[in-house]
Structures are given as structure tokens and as C-alpha cells.
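Same order as they appear, the protein sequences are chains R and X. For what it's worth, my numbering labels the leading residue of the first sequence as 7, then goes sequentially. For what it's worth, my numbering labels the leading residue of the second sequence as 665, then goes sequentially.
Label pairs and their computed distance ranges (CB to CB): (1) Y286(R) - D836(X): 30 to 38 Å; (2) G946(X) - L163(R): 43 to 51 Å; (3) L163(R) - M1025(X): 54 to 62 Å; (4) P790(X) - S217(R): 48 to 56 Å; (5) L163(R) - D876(X): 57 to 65 Å; (6) H149(R) - A680(X): 26 to 34 Å; (7) T15(R) - P790(X): 44 to 52 Å.
If you want the ones that stay clear, here's a sample from chain X, every Cβ over 10 Å from chain R, calculated: (8) L669; (9) V673; (10) F679; (11) M888; (12) P898; (13) L902; (14) Q906; (15) A953; (16) K956; (17) L960; (18) V995; (19) L1028.
Because the hints were derived from the structure by calculation, they are not lab data. The C-beta atom is built at its ideal place from N, Cα and C for all residues, glycine as well.
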Amino acid sequence: MTAAIDLATVWAFIIAFAVFVYVVMDGFDLGLGILFPLFPAKADRDVMMNSVAPVWDGNETWLVLGGGGLMAAFPLAYAVLMPALYTPMIAMLIGLVFRGVAFEFRWRTTAARNRWDIAFALGSLLATLAQGVALGAILQGVHVEARQYAGGWWDWLTPFSLLTGIALMIGYSLLGATWLVLKTEGALRDKAYRLSWYLLFAMLAAIATVSIATPFLSIQYAQRWFTWPNIILVTPVPVAVAAVTALLMRSLSQKQDSRPFVLTLVLFALSYAGLGISMYPYIVPQSITIWQAAAPQNSQLFMLVGVAGLVPLILGYTGWAYWVFRGKVRAASGYH
Amino acid sequence: MLSNLDPIVLARAQFAFTMSFHIVFPAFSIGLASYLAVLEAIWLWTGREVFLNLFHYWLKIFAIAFGMGVVSGIVMSYQFGTNWSGFADKTGPVIGPLMAYEVLTAFFLEAGFLGVMLFGLDRVGPRLHFVATLMVAIGTLISAFWILSANSWMQTPAGYAVNSDGQFVVADWLEVIFNPSFPYRLVHMVLAAYLTTSLVVGAVGAYHLLRDPHLAGPRVMFSMAMWMAALVAPVQILAGDQHGLNTLAHQPAKVMAMEGHYQSHGNGAPLVLFGLPDQAAGRIDYEIAIPKLSSLILKHSLDAPLAGLDTVPRENWPPVPITFWSFRIMVALGFLMFGLGLSSLWARWRGTLFDSRPLHMFALTMGPAGFIAVLAGWITTETGRQPFTVYGLLRTADAASPLAAPAVGSSLLAFIVVYFVVFAAGVVYILRLMGSSPHHGEQGPRGDLPARAAGITPASGVAGQGVLS
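Isolated chain X (complex conformation) (with noise of 0.2 Å):
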């Protein structure tokens, strides 16, 4: 059955679900590592219980997710030999030293101190496990820097020559990095990263908020988080409107895909909002679109001409469907954050921040929405890229593996079966962490040495931390 299959749709298909589980992780710990690195500055500062008892209720959960991150993303370091090898082979001199930056710069650093961030308090001391939250948390963005400047290289090429033997090789280093994409891509994934961990911070505020609004953990994560909300949403919604325009510069057929024009229009484009987009006519279907409004927003103008994929050899096509649903999926759910950042200045100016059960429930429903989002936006992005792995120089199928279909089809349920036992316990793990409120004299994953953790918890207690089954 599997040799009937093509291995390059197999091979993608493992890339995309790989990679899909992978990037939530990355996506949270991000986000997360920044905020613990500011609940542990104010604990510093202030000298308050409240904030350190929240420092070490997230750690776990970061410990988890961090865990799980780096788990699945050794996986996605070597898919690029075994399934992607072509692209290895013509790509490696530009994108391995990129990759190979990230890890020394960043992977490194996360990895060294996270051992001193988890397990080191007591051992340390205050300030200098501060330092190593502090690297744990700059690691992560370096992380982002290396890994956003790789993608954004491969949507949006510059500063490389061609060589004899068809590889890809840098003319110069700054081009590569700091590639036409590679800002508003950083910026787009880093806010996303922010928003994604405030989404969930604020939902297990207003979780146990619902049950209980005298809770002082939860008050305190909920008012940040939601502050977290109203300042970053509408800024990522700007930020998501300059990439577009970027990508209409440098990627215009993406952003065809994601418009869903199939047609060029002379006069003023609409803006498409619902329709079922057909690839083989080239059509939307029942579609319902408000006129000339994507003119404006790709040009700021209202009669602007606006072309089509029928400007596009077919074989170039991105696959729209995807594209179109995906982005119209991400950009509803960045509008609903939106809303969420302002029904929560509106109660907070209200004065019943801690008191509204229909704010706490939205937020609750909105915890998982970054995940999605960002998931969405990455589908937006990497099909529209498609046909090409290098945009517009080296297409997909030249980038695969010579793999046999039997190989990249086992290899991918294998991938299935674990990473859903695997991730699905991990995400248990952590619900169950969340279910609990933070309290006094919380403990960090390791409750190591009773006698210093301020006196009062005992070794039984200690022990019994965390076990919750």
C-alpha cells in the first residue's frame, strides 16, 4: 500500500507533522521563559512570596515544555539529512552555518543554565539563579533570532551565488541573515510567542479565578497576562500587516494564495472573506468578499490594480485552499486576542478585573488560541512558500531525499504513534499542573532540601510535591 504512495508527499507530510508539533513547544517556552525571567526580577526586587510561588508554579510547566521542545526539535535537526537531503546537499553552506549558530549560540546557553534554573535555587543562591533564568530566557530568543533568519532565507533568498555543483554559497553573510523577510518574520514570531504564553497564562488565572477570585496567585498572573494582551494584540496585528506587505513585495503568489485571488483585477481588488477556493478551476466558489478592500490594504488604495495567480505558470501555483483557510484562521483568532485585550482594560477600568465571570471565561476559552494561531500562521506561510523550498530557486521535489516510499511511510506512523503518546502525556501533565492553583511555599521541581526551603515544609511534604496521581 505504501509503495503506491509518492515518498516526496510522505517526506512532507512527516516534515509538516513534525515540525507542527515541534513549533507549539518553542512557541511557549519562548513566551515563558521571559515571563519567568520577570516574575523572579520583581520577586527579586519587591521581595513579595506571591511572585516567587508563580515562579515556581510555571517552572514546572516550562520544565515540561522545554522538555518536550527539545525532544522534538533534535528530530527536526536531522530530518533535514534523512528526508530532505538534496536540500542539505545545495542548501547546507548557507543554512548549516545559521543552524549551526543557533546551536552555539543559543541551544548551548538555554541547556547549560536550564540545569540551574530548575534544580539550582538553593544551591546558587537568589541573584545568581536569576542570571541563569535570565540566559534560559535570552537563549530562547537567540534561538529565534538564527532559526527565523534560516526560514525567512529560504522564503526570501539574498547575498548567494550558485556554484559548479549546484549548491547555494554565501556572497555575503549579512545579506543571508538579515534577508528582506527576516525582520518582520522575527518580530511577527517573537510577539506570537508572547501572545501564545499571556493566552495561557491568563486562562489558568481566570480557570481559578472562576473558582475562587480571592486567590492572590491567580489574580496577580491574570492582571499581567491580560495586560500582556491588550499591549501586545493590536502591536502583532500591525506587525502581521507589514509582513503581508513585505511578502506581497517578495512573495507575491503567497500572497495570491492566502487573498485567494485567483483572477487579476485591474480596477481595485475585494477582499475575500469566506469562499471555498477550487484549485483545479482556479475559482472561489460562493464567495463573499467586500470590494476593493484588499486593494487598500496591499496598497493603500482603493483602485489600485492587484494581480492574480493567472499572472503565475500553473506548475507554480501554491496550494490555495490551504493557504487561504489557514491565514483567514489566523487572522480571526488575532482579532478575537484583540478583543480580549480590550474587554480586559474595559473591566480593569470597570474595576472588576477579578469579578467578571463572563471576562474569566472568555479568557479561558482563548488559552489554547495562540497555539492555533501560530500553528496557522506557520501552515500560511511554509505552503505558500510550496512549490519551492528556496523560494522561486529550488523547487520541493529537488530538495527530497532519494527515499524509497516504504522507508518515509513507516518512519512517519512511527513518528505518529510516539509523538502521540509521547506529547499527549506531556500535555496531561501539564493540564494536571494547571489544575492546581499556585500556593504558599511552592515548590520548584525539585523540592530539593527541606531544611532550606524556608523551614516550613516538611520532607514528607516535599516529597508528595507534584505527584498528583
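Isolated chain R, as found in the complex (with noise of 0.2 Å):
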């Protein structure tokens, strides 16, 4: 039994850190998309597009993974968490669809350019809404009988899970600009200064309203948070989100190139460890343990194996791939 227990535990954490390195990865260039209309210049959107153009992709399969995942080691809550987020499953897809095809096409039509360049933008927007409005949705939890979702169609959609999905569109807006910051220069590259500073206020914000919210949702995180003795345990979480604030905004004061956006990961792991804080140990909130909804333990023992295994490899490789895209993205470069 100890040791069903903790392959379960294991499994929680590599669905999480998919989930994260998605987050993360797929976030700066959803947040690309969001930014897109505030960069007119076709100029300007060449370079954004070609910033992220070569990683796109990978930074997209995290996402695959994470819900093949959750299907392979904790299948009954794939099950029941699918249907309940029926519409932002279905809308964040759809959002995907567009914007991963308008990295070819806007390059193969002039007059079509800025439909598919609005396809990009509007696509990034819903996917990203999406995602954040089911996080907001998993959060207060889904009503399960019968091993089902017992809910109705339009559960998900309430004012704290519309928060979540702003306090999204703002990280990943955060992560696009400081990534711009990253990878360009000039002209561009101070204008995303200048955003960085405001989304960097409207994200500190968002993570305030939000764990302001959280805790109002239910008794249980309530208890997570603020009971002795866990209040000792996670009090560095919003004492480390303070400190790193203070240096984000000092890089960017000094115009730092790399250290906004490497800071601006560190905020977004910090709000998620905050997450997984208020939802440990379980998998739908409320509703079903990670234990309850674990697969058997030789489905989850042969895929540790080819993790355990395979993990590192990806991210040698897909380090290699960023290591090989490395520096400045120049406007006279990379056109199609």
C-alpha cells in the first residue's frame, strides 16, 4: 500500500511540473499573441513571430503530455474534469487551432496577412482565457457522482473563475513582454520595457486578488494557508513572491536583458506552488484524491520507467534547439 501511495505522489508531481513547463514554455508565446495588437508594425511582428517561430511546437507538446498524462496515471479525473470544462477545453482548442497555423500562413499571402495575424492574436487570447478560466473552474471544485461529472454546462463559468482567467492573460502577457525584452532590441525592445512595468503591476494584482479570493472558496484552503502550524510552512511563498518582485522591477530598471523574464518564471513558480499548496492532495478539489483517482500501479510504474528515462533527454534536446536559436532576433533576418 506504501507504495501505491507513493507512486500516486509521484505521478502528482510529474503531472505538475508537464503542466508547469507548459505554462511556462507555451506562456511567452501565447503572451506574444495577447501583445500582438499593441505591435502594429508589420516589422515588429515579423521579429515577435520569428522569436518563438523553431520552439513553438515543443513548447505546445507539454500541453499533450500533460492531459495524456493525466489520462494515463489519473484517468478518473481525466474523466470526470474533461466534461465539466467542456466549453474551455473546446474554446481554448479551438484558439490553439488558429494561432498555431498562423505561424505558416502568415507567412504564404500578403492580403491575407492580417487576418492570419489577427488569427494569431485572437487565437492566443481565447486559448489563454481558456486556461485560465479552467484553472478558476478546477479551483472551486466540480460536483462528482458515480465516478461522472454531475455538474451542469455552465458550472465553470463564475466571477472567481473569470478572474483566473484575466490573472492569466496578465502573467502570460508578462512572459511574452519580458521574453521581447529577451530577444530583441531597439525601439521594440524598450517599448516591452515600458509594458513589462505595467504588467508587471497588473500581475502583482491579479496574484493578490486571487489568493485573496482562493481561500473564500472553500474551508479547506482556508485551513491550508492560515492554521498553525502550516502558516509557518508556506509563509516564504508570499515572502519570496515580495523579493522577487523587488528584483524584477530592479532588472528592469537597469534594463537587464535575460533577468526579467528568468524572474518572471520565478513568479509564475511561486503562484503555482501556491496552487498546488491550496489543492494537495487532491486531483478535482473537493472531490476525488489523487490516490482515488490513481491508475493501477504497473500502468503507472511502466510509464515512470520511460519518464524517468526520457524527461532529461527532451530537455537536453530541446535545450539544444533554444541553444541553437540563441541572441537577438534582428528585424532583416528570418523571412520566409
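Combine both chains into one complex, guided by the hints.
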């Protein structure tokens, strides 16, 4: 029995890891799409596209691993959550279809380029909003009966889920802006610095609002954060958020290149850890724990072998691909 | 209006629609990735520029097709949860790991090296770039391995047990992965992908040869494609025959539906060439049949008895008309492909491969045949599995999500609208690329850094690349 407990926990961390890698990697390229309307010049948009064109596909693959891994390791959670999140999931998929093809299509036509730029921006916006709403809907809990989703078709839509949707849009935009700081130069980079400032303040407001609202969703969340001795264990998280924010502000005012992006990633990691602290050990909050949802041990073990052997390899060649395309993207280079 | 419809019917329509759109892109990109690897290898080996030009020409087309395959594939990976949560819950412990391995061993490999393949020739040099191309090609094949293993398990489940929650759990992973129909299905699908690609490449070559039979690029691609068709089409017919025998052994009702055998035949079953299946009455109307041939093909004996759907409980009948017709379309196209391969051999022997207008017209017409055959084959095998999701064990009705019809109906409508807009545009862009012939100094998807593009392409020319409208 102890072995089963360990495996489910291990897999909870693996899924959480895959989703987090997805969030930070696709986050910045979705963020670029959300920022697209603020950069109307074709040359700027070309640079923005080229800064992610070689890597976006790999970024998005983590979403497939998150979903596929959830089905494999916690099939019951997957079977309950997906119908509960039906509308946001379909919206996300449709958003991802539009933005994914825009990477290729906008180079293949002059007449319709603007239309594919709009598709890229709206697709990114829709996918991000849907992911944020889905997160909020998971946090507020879903109605489960007899191993099935038993709620209504609009349960996901609440002020709280809209709040998390907007918060994620702000967060991805900040990732996108600091990515631009890293990958561009000249006027485009200056604009990205300015945007990063505004977006950082918006993100802090979003983190604060979501953090204040979450404990009101359920007594369990409140107890997790505000009872003794938990409060000692969790206090470092908000303290670290404050410290990282200070560092991020300093790096922005000193116009540093790579640090704003890295520190934004750390902010994401801290927010994500906060979510984990709230939810654990539930995978469907207040209904299903990771142990109840876990696939049989031999399924989890079989995959664990693959994950242990292959994920380091994947991270290795993914890192290599980023290395190959390192450095600033210039407007003059990289036209299709 | 939507609430009058059965949500399961709508969910099936949605799966069939999104799957039909999806499958043509992987079928094309499996073959094209291998073709690109071959082209680059020959270029590295011989240094002949025509192969590099062809590589860059097909690379742009690959980029679009691959992108559409990826985005429609992400949709598929989430459909199991959104529309088929019963399936996800019950088969997750078996199917989930197979698909997780597909992501880990194939999708990441393809996606990780795709960027270098598309944009990195100048950055990493030809040899490392060839490694990237090879990785993408291998990734597409590994992907086919896992997804066909999962699909085959749904057709011929093996190596499983059922636990107290009604979930399928794994007793033996090797039996699950290498289930009885998997080898046949994998070979049949990969050959189909290669044939599909060779027909497209051949049609593009033929199109340009019809306009100018002296173009170097089109001559090379047409010749390569016709060799491929001539060699693979007959092998595919044999593989299909073996796959059919395997299906007869494990999914007899599917073969009865494919053959249109509503009735059992005690003394040699006829091969129904044409006819109109009447599912309600359980008979084929206006039948044209060759006596005893079905028994000969399936049992290798003229007088062997063959059971019909009258031996199967009515509630377990697959929908015969769809299976019957899609099977005939696939087989007919397969023989046409065989005919094209033979014609090309004949023309080659006579020395008219690059001048024979009828052959070029034939090849041009056959360009889309692979896609249609793949779709028809897919429909045959998936419809023939009905009314089960896991053959004989999990009924489709028990695999569906507890969804309301309006939810499924509106998402189906959304997918139809979005797919037609997006994929129509993609096909237009691909056809436009195909409409111009590969030329000297052909650039990849990113005509990056003109100074190194052999020093011959001015920056203005690079910026204009591929902007055709």
C-alpha cells in the first residue's frame, strides 16, 4: 500500500511538472499573441513571430503530455474534469488551432496576412482565457457522482473563474513582454520594457486578488493557509513573491536583458506552488484525491520508466534547440 | 433543435469529423518526412544541387502540413476526455500509457528537431541538420507505432484484466502493445502513408512535366515517386490481404460487413462486387457477385463455408452500408495505384517516362487518391468495429461523456466552421506552393541570412520568397 501511495504522489508531481513546463513555455508565446495588437508594425510582428517560430511546437507538446499523462496516470480525474471543463477546453483547442496555423500561414500570403495576424492574436487570447478559466473552475470544485461529472454545463463560469482567466492573460502577457526584452533590441525592446512595468503591476494585483479570493472558495483552502502550524510552512511563499518582485523591478529599471524573463518565470513558479499548496492532495478539489484517481500501479510504473529515462533526454534536446536559436532576433533576418 | 439529437450520435460525428481531418495530415507527413530525409541524404552524398532544391521545395509544404497535423492532433488528444470520458475512465490505464509514450518518444522528438529542420541549416551545418531531419522522420514513424498500437488494442484487445471499478487494467504490457492486429495495421498504415506521399509528389512532378518535360526538379521527383508507387502498391495489396485475414480471425463481423455477407454461405461464399446494402432488411439489393470468390480470398478454398451476420446478434451488427462502400473505394483506389505503378514501369522501359502525356495525366489525377484511400480505409476499420469502442467489450454508448446534446452539437458546429476556414486556407497555400516548380537556389521556409545562401540571392529576392499572392 505504501508503494501505491508513493507512486500516486510521484505522478502528481510529474503531471504538475508537465503542466508547469507547459505554462512557462507556451505562456510566453501565447503572451506574444496577446501583445500583438499593441505592435501594429509588420516588422515588429515579424520579429515577434520569428522569436518563437522554431520552438513553439515543442512548447505546446507539453500540453499534450499534461493531458495525456493525466489520462494515463489519473484516468478518473481526466474523465471527470474534461466534461466539467467542456466549454473552456473546446474554446482552448479552437484558439490553439488558429494560432498554430498562423505561424505558417501568415508568411504564405500578403493579402490575408493581417487576417492571420488577427487569428494569431485572438487565438492566443482565447486559449489563454480558456486555460485561466479552467484553472479557476478546477479550484472552485466540480460536482461528482458515481465516477462521473454530474454538474451543469455552465458551472465553470463564475466571477472567480473569470478572475483567474484574466489573471492568466496578464501573467502570459508579462512573460511575453519580458521574452521580447530578451530576444529583441532597439525601439521594440524599449516598448517591451515599458509594457513589462505595467504588466508587472497588473500581475501583482492579479496575484493578490486571486490569493485573497481563493480561501473564500472552501474552508479547506483557508485552513491550509491560515491554521497553525501550516502558516509557518507556507509563509515563505508570499515573502518570496515580494522579494522576487523587488528583484524584477530592479532588473527592469537597470534594463537588464535576460533577468526580467527569468524572474517572471520564478514568479510563475511561486504562484504555481501556491496553487499546489491549496489543492494537494486533491486532484479534483474536494471530490477526488490523487489516490482515488490513480491508475493501477503497473500502469503508473510502466510510464514512470519512460518518464525517468526520456524526460531528461527531451529537456536536453529542447535546450539544444533553444541554444541553436539563441541571441537577438533581427528584423532583417528570417523571412519566409 | 439540437436537443432532439442523440448526444452520442453527435459525439461520434464530432470524432469522425475531427479525425477525418486530422488523419490526412499525419499520413502525408509520415511519408514526406521520410522523403525529405532521403532527398537530403542524396544531396549530402552526391552534392547535386537539384536534390537540395527539391528538399527546400518540399520542406515548405511539409511545414504547412505538419502544422495542420499538430493543431488537429492536439484536438484529438483532448477529445478522449471531453467527449469520451467513459472511455477515458475505463481504458485509461491501458490506452493512456500508450499515448503517453507516443508523446514522450515521438511528439517531443518531432517538435524538438522541427525548428532546426525548418530554420536551422545555416546555423548548424548540413550534417547536424541532416540528423535533425532524420529525427523528425523517425519521430513520425514512432508516432505511428504507438497510436496504431492503441488503436489496434481497441480492435483486438489483449493482455488485459478488468478491475472492480470496471476499468481495463494491464496484465501483460507486451501483449497489450503487440496485440494481434497491431503488426498488420502498422504495416498497412505506414505503407499507405508512403503511397499517399508518392502519389502527391508524383502528381506535382507530372503537373510540371506536362508544362515543360525538361525541368530537372520535376523529372527527379516524378521518377522517384513512380519507383515508390511501383514498388509499394503491390506490397500494399498483399499487406491489405493479410490484414483482412487477420480481421476475419479476430473481428469476423467487420469482415461480414465489408463483404456484404448478411447471410451465411454453407458452400462457398460469392464476392459481392456491387450492390446496395439494406441494413433494415438484412440483404444486398441489385447484387453483382462472382460465385465462390469470397471464400477463395478469405479461406483460400472455393467451397469453404463462410458465416454471415445472421450468426451475429442484431444489436452487435456494424453499419454495413458505410463499411461495405468505404472498403470498395479503398480497394478500387489500391488497384488504380498498382496500375499507375505498372504504367510507369512500362513507360520507363520504353524510355517515355518524362514525355508520356497520358501517364502524366494519370499520375496527376491520382494525386489525391492516397488521401481518399486512407480515409476510406480508416472509415472501414472504425465503422466496422461498431457498436463497440473496445471490440466486444465496451459499447460505444458506455464510452461517451455524460454530455447534453446542445453542448456537443454546438462544439461540433464550431469545429466544422473552424476546420473548413483553417484547413481550406492551408490547402490553398499548399497548392500554391505546388503550383510553382522547384527552381535553382530554392530556399527553405526561412530564407535566412542571404549572405550565406550560396551568395547568390539578394536580400530583396529572399524577402519575396513564398509570398505568392
